[in-house]
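Trainee: Based on the provided sequences and hints, a complete structural model is requested.
There are 2 protein chains.
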Amino acid sequence: MAEREAAKGRVHLVGAGPGDPELLTLKAVRLLERADAVVHDRLVSAEILAMAPARARMIPVGKAAGFHSVPQERINEILAELAREGLEVVRLKGGDPFIFGRGSEEAAYLRARGIAVDICPGITSAQGAAAGTGVPLTHRGLASGVRYVTGHRQGSAPLDLDWQGLSDPATTLVIYMGATNIAEIAFHLMAAGRPGATPVMAVSGATTAAEQRHVSRLDRIGLEMRLSPLPSPVLFIVGDVVRLADAGGGERLTLSAAAIGAGAANRIAAALKGI
Amino acid sequence: MAEREAAKGRVHLVGAGPGDPELLTLKAVRLLERADAVVHDRLVSAEILAMAPARARMIPVGKAAGFHSVPQERINEILAELAREGLEVVRLKGGDPFIFGRGSEEAAYLRARGIAVDICPGITSAQGAAAGTGVPLTHRGLASGVRYVTGHRQGSAPLDLDWQGLSDPATTLVIYMGATNIAEIAFHLMAAGRPGATPVMAVSGATTAAEQRHVSRLDRIGLEMRLSPLPSPVLFIVGDVVRLADAGGGERLTLSAAAIGAGAANRIAAALKGI
Numbered sequence: 001m002a003e004r005e006a007a008k009g010r011v012h013l014v015g016a017g018p019g020d021p022e023l024l025t026l027k028a029v030r031l032l033e034r035a036d037a038v039v040h041d042r043l044v045s046a047e048i049l050a051m052a053p054a055r056a057r058m059i060p061v062g063k064a065a066g067f068h069s070v071p072q073e074r075i076n077e078i079l080a081e082l083a084r085e086g087l088e089v090v091r092l093k094g095g096d097p098f099i100f101g102r103g104s105e106e107a108a109y110l111r112a113r114g115i116a117v118d119i120c121p122g123i124t125s126a127q128g129a130a131a132g133t134g135v136p137l138t139h140r141g142l143a144s145g146v147r148y149v150t151g152h153r154q155g156s157a158p159l160d161l162d163w164q165g166l167s168d169p170a171t172t173l174v175i176y177m178g179a180t181n182i183a184e185i186a187f188h189l190m191a192a193g194r195p196g197a198t199p200v201m202a203v204s205g206a207t208t209a210a211e212q213r214h215v216s217r218l219d220r221i222g223l224e225m226r227l228s229p230l231p232s233p234v235l236f237i238v239g240d241v242v243r244l245a246d247a248g249g250g251e252r253l254t255l256s257a258a259a260i261g262a263g264a265a266n267r268i269a270a271a272l273k274g275i
Numbered sequence: 001m002a003e004r005e006a007a008k009g010r011v012h013l014v015g016a017g018p019g020d021p022e023l024l025t026l027k028a029v030r031l032l033e034r035a036d037a038v039v040h041d042r043l044v045s046a047e048i049l050a051m052a053p054a055r056a057r058m059i060p061v062g063k064a065a066g067f068h069s070v071p072q073e074r075i076n077e078i079l080a081e082l083a084r085e086g087l088e089v090v091r092l093k094g095g096d097p098f099i100f101g102r103g104s105e106e107a108a109y110l111r112a113r114g115i116a117v118d119i120c121p122g123i124t125s126a127q128g129a130a131a132g133t134g135v136p137l138t139h140r141g142l143a144s145g146v147r148y149v150t151g152h153r154q155g156s157a158p159l160d161l162d163w164q165g166l167s168d169p170a171t172t173l174v175i176y177m178g179a180t181n182i183a184e185i186a187f188h189l190m191a192a193g194r195p196g197a198t199p200v201m202a203v204s205g206a207t208t209a210a211e212q213r214h215v216s217r218l219d220r221i222g223l224e225m226r227l228s229p230l231p232s233p234v235l236f237i238v239g240d241v242v243r244l245a246d247a248g249g250g251e252r253l254t255l256s257a258a259a260i261g262a263g264a265a266n267r268i269a270a271a272l273k274g275i
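Keeping their order, the protein sequence lines are chains A and B. The numbering of the first sequence is UniProt numbering, which starts it at 1 and goes up by one. The numbering of the second sequence is UniProt numbering, which starts it at 1 and goes up by one.
Quick caveat, the hints were computed from the structure, so don't treat them as lab data. These figures come from a predicted structure and were not determined experimentally. Where hints are given, some of them may not hold.
[Stated by the list, open to error] Examples of chain A residues toward chain B, derived with CB under 10 Å: (1) Ile99; (2) Phe100; (3) Ser104; (4) Glu105; (5) Ala108; (6) Gly122; (7) His139; (8) Leu142; (9) Pro158; (10) Asp160; (11) Thr207.
[Unchecked claim] Rough simulated footprint, nothing fancy, chain B against chain A, three-plus residues with beta-carbon under 8 Å: (12) 19–26; (13) 113–121; (14) 125–137; (15) 146–152; (16) 167–174.
For each residue, glycine too, the CB sits at the ideal point set by N, CA and C.
Mentor: Here's what the structure looks like:
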């Protein structure tokens, strides 16, 4: 690369996808392979990090069990400092940098300081979990849309979500960062009218060798996750589409009509009619 | 490949992403490169289709302007027939096969007939449009979640969406297949309480050389799209995050506070404070 170009650093916010290295985009791989520095979440796997050249500076930031995470303000500064050194910087984040994960705050910080930044999208954990389990995020007659929310609570503040809007039975609900509060979230959803028999799937480590899943219903998931929690981070998919999950080997889960309620069972039967 | 394996066909439902061939996943490329047959939407670009081997049968189905689309039932049958011939079949769909696009119906049809099927996720048009325009789908203080809906009407039926739930100002709304009905959709959203000054971005051909975008507000987008429509398909992103859009060359769009309303402007200012 020409020296003039090298003197002009740049930050690429890159989605590392849900876990499986094969779910990186071609663009993400190209950017990684020519990176001078990689600032990465601790959840990004060694296999993905190994795609960066040996000369690249590797800087772990972000959350993982047992580590203090680097404050967001400091991450912003690190990115700016590296770019000012004239480096090609890859900021590697799990999933997609523009869906949760504060990528847009990093982009705004850098742009405000005149530093070039661009975005490379990534497969979300929700998409990875859906593909791996056979649970579609939309399906005619079962879910006409999908909604991603975060179940993370800021400090001791109450969970302030749009519960009434979230109760729409025709929308698949994907809950990120909800493991700690899933009992409370389920309670609010039921109070807003979502039936207790609504199917719920919890997925941990989607698309990796460590993937674990648990299929339940809204009125039981809170207790079950307390009794036998899955390794963090856990993603929850809520809605009738969960009924279409593979049972590992390609068989459908046999959630009975009694378990999921007659109303849901009828809607599912109608949606599957003729297939 | 061993003959015994070759005799056992398989269907891979593969996301082709939003348009840019570099936004395919490594897995999608691997599956394409070893495909015996590719059954593809007409919107998938020639550059992506060229990744399949020369020997592969290429079968266009699905919608494009000026073509009659192959009925879904016939697509299902084609996939089953090819798999029964013992072929590795790639069903290539724009975006992600499990978000709209009826991938889960194809999967259910094939599984019910004992045909092996697996899913390879893809970057959605929404993610592509977000990354390309600098508009995040979530952003602290502006959007705590994101919701994908379809604005497509079945026949002459009224648009039956969860308007009250869709009016939540803290959720970014992504509308697929909404170009025909955007005026009606905007009307319903405003009637349900979403302010007329809510920013809206229409994106056509996201992540391709033909990308076009138009930034407006909820109370104007219907008329403007009628007066100067964008080439189909058009994606709409609705919410305060649109304020963060790049103006092409990396500059922010200067939507004035007057244009977007003081309430939205204040929320945006608060969210950007300290960045």
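Trainee: Taking 8 Å as the C-beta cutoff, is the stated coverage of the segment 167–174 of chain A by chain B satisfied by three or more residues?
Mentor: This one holds; 4 residues, not fewer than the three required, reach chain B with a Cβ under 8 Å.
Trainee: Quick check: do three or more residues in the segment 19–26 of chain A have a beta carbon closer than 8 Å to a beta carbon of chain B?
Mentor: n = 7 at 8 Å, threshold three: holds.
Trainee: Quick check: the segment 125–137 of chain A, covered by chain B? Criterion 3+ residues, Cβ under 8 Å.
Mentor: holds (count 9)
Trainee: Within the segment 146–152 of chain A, is the number of residues with a Cβ closer than 8 Å to a Cβ of chain B three or more?
Mentor: n = 5 at 8 Å, threshold three: holds.
Trainee: Holds or violated: is there a CB of chain B closer than 10 Å to the CB of Ser104 (chain A)?
Mentor: holds, 3 Å
Trainee: Does the nearest C-beta of chain B fall within a distance shorter than 10 Å of the C-beta of His139 (chain A)?
Mentor: The hint holds - His139 (chain A) has a Cβ within 10 Å of chain B, the shortest such distance being about 5 Å.
Trainee: Mind taking a look at whether chain B covers the segment 113–121 of chain A? Criterion is 3 or more residues with CB to CB distance under 8 Å.
Mentor: holds (count 5)
Trainee: Would you settle whether the hint for Gly122 (chain A) is holds or violated, based on the nearest Cβ-Cβ distance to chain B being less than 10 Å?
Mentor: holds, 8 Å
Trainee: Would you settle whether the hint for Thr207 (chain A) is holds or violated, based on the nearest Cβ-Cβ distance to chain B being less than 10 Å?
Mentor: OK, holds: Thr207 (chain A) within 10 Å of chain B, min 9 Å.
Trainee: Was the hint right that Leu142 (chain A) lines chain B, CB cutoff 10 Å?
Mentor: holds, 9 Å
Trainee: With a cut-off of 10 Å on the beta carbons, see whether Asp160 (chain A) makes it to chain B.
Mentor: holds, 8 Å
Trainee: Holds or violated: is the Cβ of Ile99 (chain A) closer than 10 Å to a Cβ in chain B?
Mentor: holds, 5 Å
Consistency note: the structure conflicts with earlier hint 9 alone.
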